[in-house]
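Asks: Single-letter residue listing:
Number of protein chains: 2
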Amino acid sequence: MVKREMTRQFLEDAFCGESKAHMKYLIFAEEAERKGLKNLARMWKAIAYAEFTHARNHFKALGYIGSTDENLQSSYDGEHFEIEEMYPVYNNSAEFQTEPEAVRTTHFALEAEKIHEKMYKDAQEKTKDGNDIEDSKFYICNVCGYTTEDEVPEKCPVCGASKEMFKEF
Amino acid sequence: MVKREMTRQFLEDAFCGESKAHMKYLIFAEEAERKGLKNLARMWKAIAYAEFTHARNHFKALGYIGSTDENLQSSYDGEHFEIEEMYPVYNNSAEFQTEPEAVRTTHFALEAEKIHEKMYKDAQEKTKDGNDIEDSKFYICNVCGYTTEDEVPEKCPVCGASKEMFKEF
Ligand SMILES: [Fe+2]
Ligand SMILES: [Fe+2]
Ligand SMILES: [Fe+2]
Ligand SMILES: [Fe+2]
Ligand SMILES: [Fe+2]
Ligand SMILES: [Fe+2]
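So the protein sequences, as listed, match chains V and L.
Following this note's numbering, the numbering of the first sequence begins with 1 at its first residue and continues without gaps.
Following this note's numbering, the numbering of the second sequence begins with 1 at its first residue and continues without gaps.
Just to be clear, a hint being listed does not mean it is correct.
Which copy is meant is left open, because identical chains are indistinguishable; a pair holds if it fits in one copy or across any two.
[Said to hold, decoys possible] Using 27 Å as the maximum straight-line C-alpha spacing, the simulated DSSO-like pairs for lysine-lysine come out as follows:
#, residue 1, residue 2
1, K163, K118
2, K114, K45
3, K155, K126
4, K45, K128
5, K163, K3
6, K60, K3
7, K60, K45
8, K60, K38
9, K137, K121
10, K60, K121
11, K128, K155
12, K137, K114
13, K60, K126
14, K137, K155
15, K38, K167
No lab work stands behind these hints, which were simulated from the structure alone.
For reference, chain V alone in the conformation it holds in the complex (with noise of 0.2 Å):
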């Protein structure tokens, strides 16, 4: 593991260089797809996931992958910060600053990490004992992120998307 402290700083920001890559290479080959250009997506894609490599390289050197358990306990922390700081200061912000669409797109994040915070926490435990959570299907709003287990709801509960935007895993 990484020990020097400004090495470990840099790392730190090439992780979120590459997750931001990886993340607007993902967006970039869906814009190619939607306009039928298949093979400038795929290579789109590809690039994405060499990214994703160079992330989970900076992320191991940081020494952030943990037990089962600490990686839940990350996750759950992370969806905390977001709910009781980060997008209801945002949310405000972009009220404030009277910029609907950050308002929208604040609060439909928000309203997502909500759940997100509570799976893991189930999840957390769950799995103590070493064991798998059960076999549920889980379902995403291709919209607004919203998240759900087991039935796919008539209608999204936050954005009002119907049950085919739905993502299945």
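Chain L with the ligands: place on chain V using the hints.
Replies: Okay, now just chain L with the ligands, sitting in the frame of chain V:
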């Protein structure tokens, strides 16, 4: 598109946060899979997808989705910065602080980014009349992110991994 500067800065920061959460959950999903916790791995992948929708909404609100040419230029610019500025400095600092793991992970990234920069440039040329790029296969080294087209090498020229470690796209 969001106009006010403070709200833009907040959305930029939220885009970074969502991209990192997405990446972290994909890494944790892989770890859970290695341990045979298949349902937990699926839960992490599902939630990673929810974070993708949040990141995409923030990215759109920032006005960062453009034409195919603009998206390729934005991809090229990111790689160019990483090659010319970011990774050489981080790699040099890791050497200076005698952190071999950080030297290795920044070297791996730098080598792949050089190839990515060229691929985006070539794709820009090929797609400038609205055409798709040719139908070729892409291969990514799952250890270092080395990226190649059409044929898998016997050994990764950057990290020495064997051909079984390559992922096809
Ligand atoms: Fe990279
Ligand atoms: Fe979340
Ligand atoms: Fe929704
Ligand atoms: Fe999110
Ligand atoms: Fe790259
Ligand atoms: Fe490699």
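Asks: Against the earlier hints, flag every one the structure doesn't satisfy and list their numbers going up.
Replies: 3, 5, 11
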